[in-house]
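*Asks:* What follows is the residue order along each chain.
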Amino acid sequence: DSGVTQTPKHLITATGQRVTLRCSPRSGDLSVYWYQQSLDQGLQFLIQYYNGEERAKGNILERFSAQQFPDLHSELNLSSLELGDSALYFCASSPRTGNTGELFFGEGSRLTVL
Amino acid sequence: AQSVSQHNHHVILSEAASLELGCNYSYGGTVNLFWYVQYPGQHLQLLLKYFSGDPLVKGIKGFEAEFIKSKFSFNLRKPSVQWSDTAEYFCAVTAYNTDKLIFGTGTRLQVFP
Chain R
5 DSGVTQTPKH
15 LITATGQRVT
25 LRCSPRSGDL
35 SVYWYQQSLD
45 QGLQFLIQYY
55 NGEERAKGNI
65 LERFSAQQFP
75 DLHSELNLSS
85 LELGDSALYF
95 CASSPRTGNT
105 GELFFGEGSR
115 LTVL
Chain G
2 AQSVSQHNHH
12 VILSEAASLE
22 LGCNYSYGGT
32 VNLFWYVQYP
42 GQHLQLLLKY
52 FSGDPLVKGI
62 KGFEAEFIKS
72 KFSFNLRKPS
82 VQWSDTAEYF
92 CAVTAYNTDK
102 LIFGTGTRLQ
112 VFP
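Order-wise, the sequence lines are chains R and G. For what it's worth, this note's numbering labels the leading residue of the first sequence as 5, then goes sequentially. For what it's worth, this note's numbering labels the leading residue of the second sequence as 2, then goes sequentially.
Everything labelled a hint here was simulated from the structure, so no lab data went into it. Cβ coordinates follow ideal geometry from the N, Cα and C atoms, glycine included. It is possible that some hints are incorrect.
Ranges of calculated distance between the beta carbons of each label pair, as one might list FRET restraints [unchecked claim]:
id, chain 1, residue 1, chain 2, residue 2, range
1, R, Ser42, G, Thr87, 13 to 23 angstroms
2, G, Val12, R, Lys61, 46 to 56 angstroms
3, G, Glu67, R, Gln45, 37 to 47 angstroms
4, R, Glu58, G, Glu16, 26 to 36 angstroms
5, R, Leu92, G, Leu57, 27 to 37 angstroms
Here are some of the chain G residues that sit facing chain R, going by a computed Cβ distance under 8 angstroms [what the hints assert, rightly or not]:
id, residue
6, Ser15
7, Ala17
8, Gln46
9, Arg109
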């Protein structure tokens with residue numbers, strides 16, 4: 005158990021819908037990262053937050069947004085869903101920024117868009 | 002932009018065989034390098050990391066990796082694999098003191114008894 009909790013574990017929805025994925029980082033970790041894992045794209049970095057503020061941005065679509073709350077949990081919002089958004093979404097946390105240490109990953113949220 | 006290449010997509014070995022998984026990155030500056038492993042049904046976890054110093058780093062479960070700066074490579078090795086090493090292995094890189102950890106596409110390793 006990495007200490008990072010993601011909910012829901014599985015989610016099935018239809019095209020055009022909106023979903024929210026939730027992540028609780030390890031106790032004390034200030035950085036939260038979101039990654040998308042799909043068969044054809046591998047692990048793609050989406051976005052990182054540090055202590056409530058956006059720190060780094062990757063290949064995140066405009067239809068997607070994220071935020072980190074004062075209690076340090078984070079949510080990834082996916083809207084106007086398309087079939088191609090079906091993927092495993094991972095959250096990871098680390099104690100600090102600057103990536104001088106390892107990331108601790110959750111077990112992922114598997115999103116299926118029908 | 003940084004990128005990571007893992008040329009072996011699927012590797013099949015028998016127990017006790019030696020393993021070497023290739024990883025090449027593209028970035029001209031100082032980098033931090035990582036290997037992560039994802040066992041079936043489990044979360045990604047760190048296998049080993051290189052920040053500086055001795056280019057040969059040892060990780061958990063008998064794995065090691067060698068950083069060769071001139072070749073932009075960070076290959077993962079294990080002298081004798083076990084069935085329990087069956088997993089997906091990801092090489093990752095980040096530019097020094099930045100926050101974007103960039104992963105390769107992963108190598109699926111299957112070890113047969």
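*Asks:* Each hint needs a verdict: does it hold in this structure or not?
*Replies:* For each hint, the structure was consulted:
{"no.": "1", "hint": "R/Ser42 / G/Thr87: 13 to 23 angstroms", "verdict": "holds (22 angstroms)"}
{"no.": "2", "hint": "G/Val12 / R/Lys61: 46 to 56 angstroms", "verdict": "violated (33 angstroms)"}
{"no.": "3", "hint": "G/Glu67 / R/Gln45: 37 to 47 angstroms", "verdict": "violated (28 angstroms)"}
{"no.": "4", "hint": "R/Glu58 / G/Glu16: 26 to 36 angstroms", "verdict": "violated (46 angstroms)"}
{"no.": "5", "hint": "R/Leu92 / G/Leu57: 27 to 37 angstroms", "verdict": "holds (33 angstroms)"}
{"no.": "6", "hint": "Ser15", "verdict": "violated (27 angstroms)"}
{"no.": "7", "hint": "Ala17", "verdict": "violated (29 angstroms)"}
{"no.": "8", "hint": "Gln46", "verdict": "holds (7 angstroms)"}
{"no.": "9", "hint": "Arg109", "verdict": "violated (12 angstroms)"}
Checked against the numbered hints above, the structure breaks hints 2, 3, 4, 6, 7 and 9 and satisfies the rest.
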